[in-house]
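**Student:** Chains as they are written, first to last, in our numbering: chain L, 20 to 147; chain R, 20 to 147; chain W, 20 to 147.
Since the hints were made in silico from the structure, they are not lab data.
Where hints are given, some of them may not hold.
You can't tell identical chains apart in this list, so a pair holds if it fits in one copy or across any two.
To be verified - Straight-line alpha carbon distances no greater than 30 Å define the calculated DSS-like cross-link-like pairs of lysine-lysine that follow:
id	residue 1	residue 2
1	K49	K115
2	K58	K80
3	K80	K69
4	K51	K115
5	K69	K58
6	K115	K131
7	K115	K58
8	K51	K69
9	K49	K69
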Amino acid sequence: MDILFLSGQTGRDPFEDAPCRTPEEERAGKGKVMSHDVKQQTRQCLEYIKNTLEMMGASLKHIVMFRYYLPRREDVFDMRDEMYRFFEEFEPDLRKHPRNATLLRGVGIDLKEMLVEIEAWAVVPRKK
Amino acid sequence: MDILFLSGQTGRDPFEDAPCRTPEEERAGKGKVMSHDVKQQTRQCLEYIKNTLEMMGASLKHIVMFRYYLPRREDVFDMRDEMYRFFEEFEPDLRKHPRNATLLRGVGIDLKEMLVEIEAWAVVPRKK
Amino acid sequence: MDILFLSGQTGRDPFEDAPCRTPEEERAGKGKVMSHDVKQQTRQCLEYIKNTLEMMGASLKHIVMFRYYLPRREDVFDMRDEMYRFFEEFEPDLRKHPRNATLLRGVGIDLKEMLVEIEAWAVVPRKK
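All chains, full assembly: derive it from the sequences and hints.
**Tutor:** Right, dumping it as C-alpha cells:
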C-alpha cells in the first residue's frame, strides 16, 4: 500500500505562472492564476490532482481525503458544483461515495488572486 | 498497520443539520450546530471522532495526531478544558501522553456558527 | 516503512515558553517566542523538526511534505530564504529536490507573537 500526499493545488496558470522570490515580484504579478473565476480555478486544481496521480500510476478513485481552502466563504457553492461536474466526467465513484473532507473558509492561501486550494490524499494498493 | 485519516469534525447538530447547496440555504439556516457553546461543540466533535473510530474497529487510544481549528482565538482554553474532561472519561491515555497537535486560531471553518473543528489521525495495528 | 507526522513547529522559546492555561496567562506573556524575527523563528521551527526526526532515528532527508502557516502574507520571502539557508547547511537534498508543500498566508496560529508554523511529514524505510 502506498500513500500519496498531494500538496495543495491551486489555479496557477500552467504556462504563465512563475515563482515569486521577492514581494516586488509578487506585486508586479509574476505569479499568475489561469482565471479569476472560482469554477475554472477549481477545475484547474482537480486537473493538477488527476495528472499528478496518473503520473504516479494511480488515479482519482484512489483518493481517500480532501482538504479545501477558500479565501471567500461564499465560493464553496461554486467550488462544489464544479467538483461534482468534474467527478461525474472523470470518476463517478467520487460522487457516489463522497470522500472525507475538511473545509476551511475565509483563510488566506498563496497568491491573493487564488480563490481555492485543494489537497488530496490517496491510498494505492501496492502492485505485487 | 492501518492509518485512519479522520476529516474535520464539528459541532453539527446530528439530527437537524442538512447540507447547504446554495448561499440562500445557508443564510436561511439549513446548516445547524447543536449548541452555540464551544465546550459543547468540542464534546460533539470528540464524540463524532470516537464513534467513527469505533465503527472502524479502532478506538481513541489509537490517535497519533490532532489538528484544531478555532475561529475565535480565546476559545482555546474552553476547548482544552473540555478535551481534558472527555479524555479523562473515555481514554486517560490521551491525557497522560498528549498527542502531537497543530493549533490554528482565528481561521474560518464551514458554518459561521461553528466554533471549533477537530481533525484526528489514528494508526491501528493490523489484525493478523 | 514508517510514516512520521510532525505536528506544527513554531518559534517557541525552548527555555522560557510555558503552556498558557487561561487567557490571563496568555495576556501576561507566559507563552514566549525566542525572537520577533521571522527568519529566526523559521530556523527554530526547522531545528525542532530536525531534532525530532533525529530522536526518532530519522533525518531531514526523509521529509516528503511540508505545510507552512504564515500570519503575515509578506513573511513568505524571508521564511523561504531562511529555509534555503538551513537546507543548504544541513540537508542539501531538500534544496535540490524541493518537497511538496502547502502554503497558507494570512492565517492565525497559536500565540500572536508567532510568525510562522511549519508541519513536516517524513517517510522512513523500516529497518530490517
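**Student:** Checking an output row: K80 and K69, CA cutoff 30 Å. Within, between, both or neither?
**Tutor:** both (10 Å within a copy, 27 Å between copies)
**Student:** At 30 Å max between alpha carbons, let me know whether K115 reaches K58 within a copy, between copies, both or neither.
**Tutor:** within (21 Å within a copy, 34 Å between copies)
**Student:** Quick one: K69 to K58, C-alpha cut-off 30 Å, is that within a copy, between copies, both, or neither?
**Tutor:** Classified as within: same-chain Cα gap 16 Å, cross-chain 36 Å, threshold 30 Å.
**Student:** Checking K58 and K80: alpha-carbon separation at most 30 Å within a copy, between copies, both or neither?
**Tutor:** Intra 21 Å, inter 37 Å, cutoff 30 Å: intra-copy only.
**Student:** I want to check one pair: K51 and K69. Are their C-alpha atoms no more than 30 Å apart within a copy, between two copies, both, or neither?
**Tutor:** Intra 21 Å, inter 34 Å, cutoff 30 Å: intra-copy only.
**Student:** Tell me, please, which holds for K115 and K131 at an alpha-carbon limit of 30 Å: within, between, both or neither?
**Tutor:** For K115 and K131, the Cα distance is within 30 Å only across copies (28 Å; inside one copy 33 Å).
**Student:** Cα distance capped at 30 Å. Does K51 pair with K115 within a copy, between copies, both, or neither?
**Tutor:** between (34 Å within a copy, 24 Å between copies)
**Student:** 30 Å Cα cut-off: does K49 pair with K69 within a copy, between copies, both or neither?
**Tutor:** So K49 and K69 pass the 30 Å test inside one copy only (26 Å; across, 33 Å).
**Student:** Cα distance capped at 30 Å. Does K49 pair with K115 within a copy, between copies, both, or neither?
**Tutor:** Intra 40 Å, inter 23 Å, cutoff 30 Å: inter-copy only.
Violation of the numbered hints given earlier is absent; every hint is satisfied by the structure.
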